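Trainee: What follows is each chain in one-letter form.
Protein chains: 2
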Amino acid sequence: MLTRIDHIGIACFDLDRTVEFYRATYGFEVFHSEVNEEQGVREAMLKINDTGDGGASYLQLLEPTREDSTVAKWLAKNGEGVHHIAFGTADVDGDAAAIAGKGVRVLYDQPRIGSMGSRITFLHPKDCGGVLTELVTSAEPSGEH
Amino acid sequence: MLTRIDHIGIACFDLDRTVEFYRATYGFEVFHSEVNEEQGVREAMLKINDTGDGGASYLQLLEPTREDSTVAKWLAKNGEGVHHIAFGTADVDGDAAAIAGKGVRVLYDQPRIGSMGSRITFLHPKDCGGVLTELVTSAEPSGEH
Numbered sequence: 001m002l003t004r005i006d007h008i009g010i011a012c013f014d015l016d017r018t019v020e021f022y023r024a025t026y027g028f029e030v031f032h033s034e035v036n037e038e039q040g041v042r043e044a045m046l047k048i049n050d051t052g053d054g055g056a057s058y059l060q061l062l063e064p065t066r067e068d069s070t071v072a073k074w075l076a077k078n079g080e081g082v083h084h085i086a087f088g089t090a091d092v093d094g095d096a097a098a099i100a101g102k103g104v105r106v107l108y109d110q111p112r113i114g115s116m117g118s119r120i121t122f123l124h125p126k127d128c129g130g131v132l133t134e135l136v137t138s139a140e141p142s143g144e145h
Numbered sequence: 146m147l148t149r150i151d152h153i154g155i156a157c158f159d160l161d162r163t164v165e166f167y168r169a170t171y172g173f174e175v176f177h178s179e180v181n182e183e184q185g186v187r188e189a190m191l192k193i194n195d196t197g198d199g200g201a202s203y204l205q206l207l208e209p210t211r212e213d214s215t216v217a218k219w220l221a222k223n224g225e226g227v228h229h230i231a232f233g234t235a236d237v238d239g240d241a242a243a244i245a246g247k248g249v250r251v252l253y254d255q256p257r258i259g260s261m262g263s264r265i266t267f268l269h270p271k272d273c274g275g276v277l278t279e280l281v282t283s284a285e286p287s288g289e290h
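Going down the list, the sequences are from chains A and B. For the first sequence, position 32 matches number 32 in the numbering used here, and the numbering has no gaps at all. Heads up: take any position in the second sequence, counting from 1, add 145, and you land on the numbering used here.
Please keep in mind that the hints were generated in silico from the structure rather than gathered at the bench. Some hints here could point you the wrong way.
For lysine-lysine, the following DSSO-like pairs were computed, each having C-alpha atoms within a straight-line distance of at most 27 Å [to be verified]:
1. 271/B to 73/A
2. 247/B to 126/A
3. 192/B to 247/B
4. 218/B to 73/A
Label-pair distances were calculated between CB atoms; the ranges are [what the hints assert, rightly or not]:
5. 73/A to 180/B: 33 to 39 Å
6. 252/B to 32/A: 30 to 36 Å
7. 101/A to 245/B: 44 to 50 Å
8. 33/A to 223/B: 27 to 33 Å
9. 159/B to 98/A: 22 to 28 Å
10. 37/A to 199/B: 37 to 43 Å
In this text the structure is predicted, and so the values were computed from the model without any measurement. The beta-carbon is built from N, C-alpha and C at its ideal position, and this holds for glycine as well.
Working from the sequences, and respecting the hints, build out all of it.
Mentor: See below:
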């Protein structure tokens with residue numbers, strides 16, 4: 001069951017500049033940053049609010065680390081902007097299987113590692129009204145931290 | 146001060162079909178629906194989670210009601226997908242003024258009426274890394290419902 005908006009993924013050309021925009025404009029601070037080599041991104045997570053399920057909602061700012069990453073290709077086509085949205089669940093495996101059973105294409109055979117050690121998968125945007133949709137189970141059983 | 150992700154605005158050609166997708170795929174139910182003639186949209190709000198500031202996060206599904214609405218023009222150019230993101234604040238007037246003072250273009254002189262009687266304004270996407278960004282103050286002082 002999807003119990004929160006986990007994050008909004010925003011693609012940018014210059015992560016440092018974008019982090020500074022969100023800090024200077026809104027006061028949002030970096031909660032966590034990492035490089036995800038598999039996804040080909042450098043990212044910063046800005047925590048916006050806690051959520052009623054014990055988790056939190058973030059902005060995830062994404063800069064590609066290589067030209068063949070999906071985010072780099074997306075940026076080349078679309079320019080900067082909202083790249084995907086993500087819903088949090090306690091059971092990404094079960095939810096992905098259930099959603100696949102409804103005819104929505106799930107992009108990974110098995111969940112992969114996302115931000116902060118979470119387990120993630122993606123749903124095909126063409127099956128989701130143009131919205132690249134991620135499902136996330138946080139690393140910690142209680143939600144996030 | 147922006148204290149939550151208030152909603153993610155998703156533009157679609159067929160609201161009823163999109164509502165049914167979110168219900169059938171994820172179990173999300175319509176919390177509220179309305180027509181906003183000024184914005185030129187018919188919309189459905191799907192409540193996803195409560196937020197730590199006493200409010201909530203929603204998906205806002207938007208179908209244009211007329212061809213000259215900004216959402217209709219956006220759909221003609223981009224196709225279906227994420228149209229904007231919105232942050233919740235107790236003081237949309239004060240936050241919009243402070244953000245304008247930082248050189249970000251605010252699209253309305255005064256906040257207008259948004260979903261569920263909220264007061265809203267928008268920030269120019271070209272000043273926000275390609276992200277059309279809305280600020281929202283809910284109708285009820287305590288947040289949402």
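Trainee: Give a verdict on every hint.
Mentor: Do the hints match the structure? See the list:
With a C-alpha separation of about 20 Å, the suggested pair residue 271/B and residue 73/A falls inside the 27 Å cut-off, and the hint holds. The suggested pairing of residue 247/B with residue 126/A is violated, with an alpha-carbon distance near 38 Å, which exceeds 27 Å. Between residue 192/B and residue 247/B the alpha-carbon distance is near 32 Å, which puts this suggested pair outside the 27 Å criterion. Restraint check for residue 218/B and residue 73/A: the C-alpha separation of about 25 Å stays at or below 27 Å, so the hint holds.
For residue 73/A and residue 180/B, the hinted distance range of 33 to 39 Å is satisfied, since their beta carbons lie about 38 Å from each other. With their beta carbons about 32 Å apart, residue 252/B and residue 32/A fall inside the hinted range of 30 to 36 Å. The hinted window of 44 to 50 Å between residue 101/A and residue 245/B holds, with their beta carbons roughly 49 Å apart. One distance hint, 27 to 33 Å for the beta-carbon pair residue 33/A and residue 223/B, holds here, with the actual separation near 30 Å.
Between residue 159/B and residue 98/A, the C-beta spacing of about 24 Å keeps the proposed range 22 to 28 Å intact. Residue 37/A and residue 199/B have their C-beta atoms about 40 Å apart, which keeps the hinted 37 to 43 Å range intact.
When the structure is compared with the earlier hints, violations turn up for hints 2, 3 and for no others.
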